[in-house]
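> Each chain, letter by letter, is given below.
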Amino acid sequence: MNYNLSKEPIVIQDVIDKVVKRNAGAITTFIGTVRELTKGKKTLFLVYEAYEPMAIKKLAQIGAEIKVRWPEAETAITHRVGKLDITDIAVVIAVSTPHRNDAYEANRYAIERIKEIVPIWKKEHWEDGETWIGNQLETVSYPTGKPKEVDIHD
Amino acid sequence: MIKVLLFAQLRDESGKEAISIEGNGWSVAELKGKMEAEYQLGGLETVMTAVNEEFADDNTILSDGDTVAFIPPVSGG
Chain A
1 MNYNLSKEPI VIQDVIDKVV KRNAGAITTF IGTVRELTKG KKTLFLVYEA
51 YEPMAIKKLA QIGAEIKVRW PEAETAITHR VGKLDITDIA VVIAVSTPHR
101 NDAYEANRYA IERIKEIVPI WKKEHWEDGE TWIGNQLETV SYPTGKPKEV
151 DIHD
Chain B
1001 MIKVLLFAQL RDESGKEAIS IEGNGWSVAE LKGKMEAEYQ LGGLETVMTA
1051 VNEEFADDNT ILSDGDTVAF IPPVSGG
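Sequence order for the protein chains is A and B. Residue 62 in my numbering is what sits at position 62 of the first sequence, and the numbering runs on without skipping anything. Residue 1054 in my numbering is what sits at position 54 of the second sequence, and the numbering runs on without skipping anything.
One or more of the hints may lead you astray.
Cβ-Cβ distance ranges computed for the label pairs, FRET-style [said to hold, decoys possible]:
id, chain 1, residue 1, chain 2, residue 2, range
1, A, Ile-12, B, Phe-1055, 26 to 34 Å
2, B, Gly-1025, A, Val-11, 46 to 54 Å
3, A, Thr-87, B, Asp-1064, 28 to 36 Å
4, B, Asp-1012, A, Lys-21, 38 to 46 Å
5, A, Glu-72, B, Gly-1033, 35 to 43 Å
6, B, Gly-1025, A, Lys-7, 35 to 43 Å
7, B, Glu-1017, A, Asp-85, 33 to 41 Å
8, B, Asp-1012, A, Arg-100, 30 to 38 Å
9, B, Asp-1012, A, Glu-72, 23 to 31 Å
10, B, Gly-1025, A, Leu-44, 16 to 24 Å
11, B, Gly-1025, A, Ile-31, 42 to 50 Å
Source of the hints: derived by calculation from the structure; they are not laboratory data. Bear in mind the structure is a predicted one, so any value in this text is a computation, not a measurement. Ideal placement from N, C-alpha and C gives every residue a C-beta, glycine not left out.
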């Protein structure tokens, strides 16, 4: 399975291994990690929640879209769900192609599409509260009260 | 019956992960109106909807056995 959600820490090499092929001259790997500061606000930890069967379908759809644009590309994506601490890996995307430029472009395409169509949500837990992050531009957000460990799904 | 799945802030607001509702023949827009009225859910006009794990629009007609998911703006990656 090239498209996965994982409750456990992601092993980067495992994602890369899925796209190795004899005719590949390049493999690009994108690693999304949890940062501490967002606009000066300190994150304590965050929680990713997914609509799991649909999220896996939509990750696979992104792989199929990449195949249309870059027919020789192989793609693998694993996204973490559950509680993540600062510096933890949230997503790993590996793309192999015969030539490097395509591998870079296709990998960039994959992360941008994840942010548009894959039903995964991030809840930020800050020092002074918690918020469901509405979208990557953070133009929509949903603040509620103080962080509570009981809110955490595993 | 239609199964409705709620995520992220919609789950927090309603206190529910899933709701079963008699909605055979309703449009997605009608379902949203009903959900806003009965479960005090706000802002459903801005969320995406999936029917049976594919994105659907407000005019989509629902049938018994469908699973509808309300999908707030996503933030993976």
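> A separate judgement is required for each hint: does it hold in the structure or not?
Cross-check of the supplied hints:
1. The hinted range of 26 to 34 Å is satisfied by A:Ile-12 and B:Phe-1055, whose Cβ atoms lie roughly 31 Å apart.
2. Checked against the given bound of 46 to 54 Å, the beta carbons of B:Gly-1025 and A:Val-11, roughly 48 Å apart, stay inside it.
3. The hinted window of 28 to 36 Å between A:Thr-87 and B:Asp-1064 is violated, with their beta carbons roughly 47 Å apart.
4. Checking the proposed 38 to 46 Å range against B:Asp-1012 and A:Lys-21 shows it holds: the Cβ atoms sit about 44 Å from each other.
5. The beta-carbon spacing between A:Glu-72 and B:Gly-1033, approximately 48 Å, falls outside the hinted interval of 35 to 43 Å.
6. For B:Gly-1025 paired with A:Lys-7, a C-beta distance near 39 Å keeps the hint of 35 to 43 Å intact.
7. Range check, B:Glu-1017 to A:Asp-85: about 25 Å between beta-carbon atoms, so the 33 to 41 Å window is missed.
8. For the pair B:Asp-1012 and A:Arg-100, the supplied restraint of 30 to 38 Å is violated, since their beta-carbon distance comes to about 44 Å.
9. For B:Asp-1012 and A:Glu-72, the hinted distance range of 23 to 31 Å is not satisfied, since their beta carbons lie about 44 Å from each other.
10. Hint check: B:Gly-1025 to A:Leu-44, Cβ distance near 47 Å, so the stated range 16 to 24 Å is violated.
11. Restraint check, B:Gly-1025 to A:Ile-31: a C-beta distance of roughly 47 Å satisfies the suggested window 42 to 50 Å.
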